[in-house]
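J.: Sequence lines, in order, name chains S and H.
Just so we're aligned: the first sequence equals residues 1 to 333 in the working numbering.
Just so we're aligned: the second sequence equals residues 1 to 263 in the working numbering.
Take these hints with a grain of salt, some might be off.
To be verified - Subject to a maximum C-alpha distance of 20 Å in a straight line, what follows is the list of computed SDA-like cross-link-like pairs (lysine to any residue): (1) H/6 x S/114; (2) H/105 x H/95; (3) S/153 x H/111; (4) S/93 x H/111; (5) S/107 x H/92; (6) S/233 x S/16.
Quick caveat, the hints were computed from the structure, so don't treat them as lab data.
Only a predicted model underlies this, so the values are computations on that prediction, with no experimental measurement involved.
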Amino acid sequence: MEGSIHVDSLGKTYQIPLREPGIAAALASLIRPTYAEVTAVRDVSFAVQSGEMVGLLGPNGSGKTTTLKMLAGLLYPTSGKVEVAGSVPQQRKPEFLRSISLVMGNKTQLTWDNTVHDSFLIHKEIYGVSQGAFRTRLGELTEMLDLAALLPKQTRNLSLGERAKCQLVLALLHNPRILFLDEPTLGLDVSMQIRFRSFLKEYNRRHGTTVILTSHYMADITSLCRRVILINKGTVFYDGDLSEMARRTAPFKLVRITNQGDLSGPEQTHLRELLERLHIVEQEQRNVTFRVERSQVVPLLGPLLNAGSMADVSIFDPPIEAVIDTLYQGVMA
Amino acid sequence: MVRYLKLVKTLFRQSMQRELAFRANFGVNVIHSTLHLVGGVGGVVVLFAHSDTLNGWDFSQTLALLGVYLLVQSLKNLFIGPSLAALAGLDGHLWTGEFDFTLLKPVPTQVLVSLQAWSPWALVDTLLSIVVIGLAMRTAGVPHCGDLLLFLLSLFAALGLLYAILLFLAAVAFWYLGTPMMWIFDSILQMGRFPIRIYPHSMSLILTWVIPVGFIVTIPAEFLSGQGTAMLLLPGFALSGLLVGLASHFFRVSVRRYSSASS
Chain S
1 MEGSIHVDSL GKTYQIPLRE PGIAAALASL IRPTYAEVTA VRDVSFAVQS GEMVGLLGPN
61 GSGKTTTLKM LAGLLYPTSG KVEVAGSVPQ QRKPEFLRSI SLVMGNKTQL TWDNTVHDSF
121 LIHKEIYGVS QGAFRTRLGE LTEMLDLAAL LPKQTRNLSL GERAKCQLVL ALLHNPRILF
181 LDEPTLGLDV SMQIRFRSFL KEYNRRHGTT VILTSHYMAD ITSLCRRVIL INKGTVFYDG
241 DLSEMARRTA PFKLVRITNQ GDLSGPEQTH LRELLERLHI VEQEQRNVTF RVERSQVVPL
301 LGPLLNAGSM ADVSIFDPPI EAVIDTLYQG VMA
Chain H
1 MVRYLKLVKT LFRQSMQREL AFRANFGVNV IHSTLHLVGG VGGVVVLFAH SDTLNGWDFS
61 QTLALLGVYL LVQSLKNLFI GPSLAALAGL DGHLWTGEFD FTLLKPVPTQ VLVSLQAWSP
121 WALVDTLLSI VVIGLAMRTA GVPHCGDLLL FLLSLFAALG LLYAILLFLA AVAFWYLGTP
181 MMWIFDSILQ MGRFPIRIYP HSMSLILTWV IPVGFIVTIP AEFLSGQGTA MLLLPGFALS
241 GLLVGLASHF FRVSVRRYSS ASS
């Protein structure tokens, strides 16, 4: 209960001002403004159990951040019900607010001109964390993220990656049961992203914190979340296992062959004939990559090996980015 | 309550640490405060070089009024102004979307919004304003204990009024994110440098009951100079309480309207 989330037919509609271009339209809008209704979230339902790590995916403007903000109690839903950690988020009861934390990759709650440690102290007072608990939590998080050298520095003097680490530690100081992460690795370099992911994985293992993550970096999702919820145009169109989603969306494997000789040579006729019947994804010199239905991979291998003089064959799943792109293209069409 | 006091202590200490990180700022603030004071007192001296009274107010009473004006301004600048400006001023949290984080804190939003930023240098102005009040009292004679008590009570009501107006104007930013409305009130508050009775009757009524600059500055100054009407204190407190209640309600309604800055 304390770390679980239940969302039922959630909807959110905004009113946004509309205006034609030009000064005349600007003046007219002063007298008679016109508005349009934008449905950011139409009908979203799902449940998350305590301790789960779930990826919330969707193209830009699909409604995932709006959903996340309704879960955190920042926005009032237009329709539907939401219950997080046993509370209605919009009531913003102190016990609910103490049980959650939100990290947004493009915003910081560290005080710009104060030291990192000072920002942590303000957080401690606001959340009423006892001195002993604060010391223990800070010690653990500092060690896990190798943060000690950053504590006496002013936030303004930190690099983007250092700020992101401190931001994450700040969000965890009060030991929330549920962590909402909205693009937490935005703008971070590859090694910082890797450290972030391994920290989150280890933190979740140690503390059983529920994590809802949105990210456009698929590596964040694949390394952290077994389950994904895909949202587009404000509705859920997939909720389940990430690998199952890949299997369903892309029921094929990619096979890459490297031939010993040039494919245009007369001795490669059999291979060329075989390849003509396949769905080629990429071809360059002696390398060819093609799609094969999962069930057809093994039966194809024999004829393939006999048809040419192979230097190398590799079989792999399509990259998750391609799977997601296929899904997005499919639902947006 | 103890928790909030601890929070205020931490926020104040942090603001102090932040200010101390910029050493030159201390010197600039002292110069600014001194110039502000010299300008104010100089104005009163020049005014009374040609006349003994200003619509019934003599030099010491006008000086006391200036002292009260500076005191109210300094208390406003100590935390109410900076805190609400951090919310609704230019580049405030409503513009940047940082208000999201304020809403997520397990402390009443209005309390946090009203106490979040402090300007410790305003205490220099507070000290200087007390010096001005002291000088005025030295010229006019120390007021009776009763008048002093009434002054303190009226000052309390005045700060309530000031807070209510500023909270209301800050909450307007939830509906209209343009020029910060608090700037407009700052200009109106400048009228409190002079006794409201020097303005035409209709204007002085407006400045007492509609935009209660009179209640905020003139009436406490009247008590200080022994010419206050104790009867005004009760409606003053009632108005203060009513406006704080209304402004708090408007703030809550406005927060519900908040749709967060774009992701």
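J.: Taking the hints in turn, state whether each one holds.
T.: Consistency of the hints with the structure:
Of the pairs offered as hints, the one joining residue 6 of chain H and residue 114 of chain S holds, with about 18 Å between alpha carbons and a cut-off of 20 Å not exceeded. For the suggested pair residue 105 of chain H and residue 95 of chain H, the alpha carbons sit about 19 Å apart, so the restraint of at most 20 Å is met. As the CA atoms of residue 153 of chain S and residue 111 of chain H are separated by approximately 29 Å, the hinted pair breaks the 20 Å bound. With a C-alpha separation of about 15 Å, the suggested pair residue 93 of chain S and residue 111 of chain H falls inside the 20 Å cut-off, and the hint holds.
A C-alpha spacing of about 13 Å is found between residue 107 of chain S and residue 92 of chain H, which places the hinted pair at or below 20 Å, so the restraint holds. Of the supplied pair hints, the one linking residue 233 of chain S and residue 16 of chain S holds, its CA atoms being roughly 17 Å apart against a limit of 20 Å.
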